[in-house]
Amino acid sequence: MSTERLPGPLVVSADNPRYFTVPTDDPARAVYLTGSHIWNNLHDGLGPGAEAPEQPERMDYDAYLDLLAVRGHNFIRLWRWEQFKSQAAGRSFHLNMSPQPWPRSGAGTARDGGPRFDLSRFDPAFFLRLRERVIAAGERGMYVAVMLFEGWALHLSPAPDNVAGHPFHADNNVNGIGITSILDHQVLPLDPAVHAVQEAYIRQVVDTVHDLPNVLYEVSNESCGGGPVGPEVAGMLGIPEDTEWGDSTGWQYWVIDFVKRYETERGHHPRPIGMTMQYPVADQTQVNAPLLEGPADWISPGYDEENAFPAVPDGPPSRWLDDPPPADGRKVLISDTDHFAPGGGDALWVWKAFLRGHNPILMDFGLIDGVPKPDAPPTAPFEPARHAMGDTRRHAERIDLLGMTPSGELSSTGYALARPGEEYLILQPSDKGEPFTATLAAGTYSAGWYAITTRSSHPAADLTAPGDEPADLTPPAAIEGPAVLHLKRTG
Numbered sequence: 002m003s004t005e006r007l008p009g010p011l012v013v014s015a016d017n018p019r020y021f022t023v024p025t026d027d028p029a030r031a032v033y034l035t036g037s038h039i040w041n042n043l044h045d046g047l048g049p050g051a052e053a054p055e056q057p058e059r060m061d062y063d064a065y066l067d068l069l070a071v072r073g074h075n076f077i078r079l080w081r082w083e084q085f086k087s088q089a090a091g092r093s094f095h096l097n098m099s100p101q102p103w104p105r106s107g108a109g110t111a112r113d114g115g116p117r118f119d120l121s122r123f124d125p126a127f128f129l130r131l132r133e134r135v136i137a138a139g140e141r142g143m144y145v146a147v148m149l150f151e152g153w154a155l156h157l158s159p160a161p162d163n164v165a166g167h168p169f170h171a172d173n174n175v176n177g178i179g180i181t182s183i184l185d186h187q188v189l190p191l192d193p194a195v196h197a198v199q200e201a202y203i204r205q206v207v208d209t210v211h212d213l214p215n216v217l218y219e220v221s222n223e224s225c226g227g228g229p230v231g232p233e234v235a236g237m238l239g240i241p242e243d244t245e246w247g248d249s250t251g252w253q254y255w256v257i258d259f260v261k262r263y264e265t266e267r268g269h270h271p272r273p274i275g276m277t278m279q280y281p282v283a284d285q286t287q288v289n290a291p292l293l294e295g296p297a298d299w300i301s302p303g304y305d306e307e308n309a310f311p312a313v314p315d316g317p318p319s320r321w322l323d324d325p326p327p328a329d330g331r332k333v334l335i336s337d338t339d340h341f342a343p344g345g346g347d348a349l350w351v352w353k354a355f356l357r358g359h360n361p362i363l364m365d366f367g368l369i370d371g372v373p374k375p376d377a378p379p380t381a382p383f384e385p386a387r388h389a390m391g392d393t394r395r396h397a398e399r400i401d402l403l404g405m406t407p408s409g410e411l412s413s414t415g416y417a418l419a420r421p422g423e424e425y426l427i428l429q430p431s432d433k434g435e436p437f438t439a440t441l442a443a444g445t446y447s448a449g450w451y452a453i454t455t456r457s458s459h460p461a462a463d464l465t466a467p468g469d470e471p472a473d474l475t476p477p478a479a480i481e482g483p484a485v486l487h488l489k490r491t492g
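Take the sequence shown: its letter number 277 is residue 278 in our numbering, and every next letter is one higher.
Because the hints were derived from the structure by calculation, they are not lab data.
All clues stand as given, with none of them false.
Here are the simulated distance ranges between beta carbons:
#, residue 1, residue 2, range
1, D113, G177, 14 to 24 angstroms
2, S458, R122, 54 to 64 angstroms
3, P467, R267, 50 to 60 angstroms
4, S431, R122, 55 to 65 angstroms
5, G330, T380, 32 to 42 angstroms
6, G330, P460, 31 to 41 angstroms
7, P467, D324, 25 to 35 angstroms
8, P460, E266, 53 to 63 angstroms
9, D113, R267, 35 to 45 angstroms
10, D45, A442, 47 to 57 angstroms
11, P232, D370, 30 to 40 angstroms
12, D16, G492, 18 to 28 angstroms
Everything numeric in this text was worked out from a predicted model, so none of it was measured.
Even glycine gets a Cβ: it sits at the ideal position worked out from N, Cα and C.
Given only the sequences and the hints, what does the whole structure look like? Please build it.
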């Protein structure tokens, strides 16, 4: 599939704004997005240990696309990493990422001993890499969210390289730019010189990929939202408990507005742009308010409990993993485990998110040590979630998803997508084959069951619903584990 044949650009559906659609599709259909992502799917330089080899490690991007294609994925969160020297996970990993958008062609020596950056010019290698990877993904039928900036590493990865390893540090460029923290880069007001570099970079990214139909944008990953981190996280990071960062919300809104204005000025068809969870924030229970109330076309919410994992390492799982709230249509929800269950996510979570109107994507730690073979055992780490994402996508393409909404009140299990009277998709999350009830409009429906664990289909006899009382339903005895029931009206 070439990028010319991949339907796009995407727009938020006016009929069901939980999903994207393609304006030229007739009839209109929902485009459900799902897939695995990891930090080095754009840059080179991720590897074990704090010290990096002279030659940056490189992801086998073709193998990555092969894995996603075989698993049925159609979405990639393409990571931007701003540091040319940094670490993560208590320095268990180094992220000395290259290429960067600017060439290392300046006079003098940067903090890592290499040439300084010239922020007045662009490195063609970065933008060629960006375009080639978006095209390659499109040829496999995948949409790509191009991350413009990255915030987490700038304020939450280990010091001093979180700032000293950034091209905008005073020692690392020849342009007089000298940030000392994320405040100087992603919290308004900014030094006009920093703002100018950001504007030029955004324009260059848009000019590089604006003609590709499979493009979306993301402003930044987990930039600061104001407020301190909790004591557990502060201890884990080795920083004082009262460390506070400013609020990047205004800056992120500015980026969204700047991208949209530039697309209009250039006559480009606008691409959806997203805003993702900020951290830390002053009130964790309100972490998603700036996303839901802001100008982004799509959002990736974060955990909104005060005492849940990951803020409390031994805390209970977030509701976004355990019992995802239904999408209410205010924004397209690209539900990303990166923001509420890093390192987690299983098949049942994928199905729960799908039945609640989300587009689930996986922060796939199983890719850190290299891309596994497409024939990896189905029980291998992260494989159940990878398979489930493709399975939900196949179901999404078989049903009238554009006409269906989360309707948990119609099932005693709390999980249903429905176009009442026409089509239902109902999840029984219990692994014990327990009976449940569903409120169905009167009529006759074709029926079919799907076993989530074994990934097998189980035909069933047509079901006639009287309509005056809930229907009693029980998964087939052959299904072990959670099950999904599809009902479609036949008469």
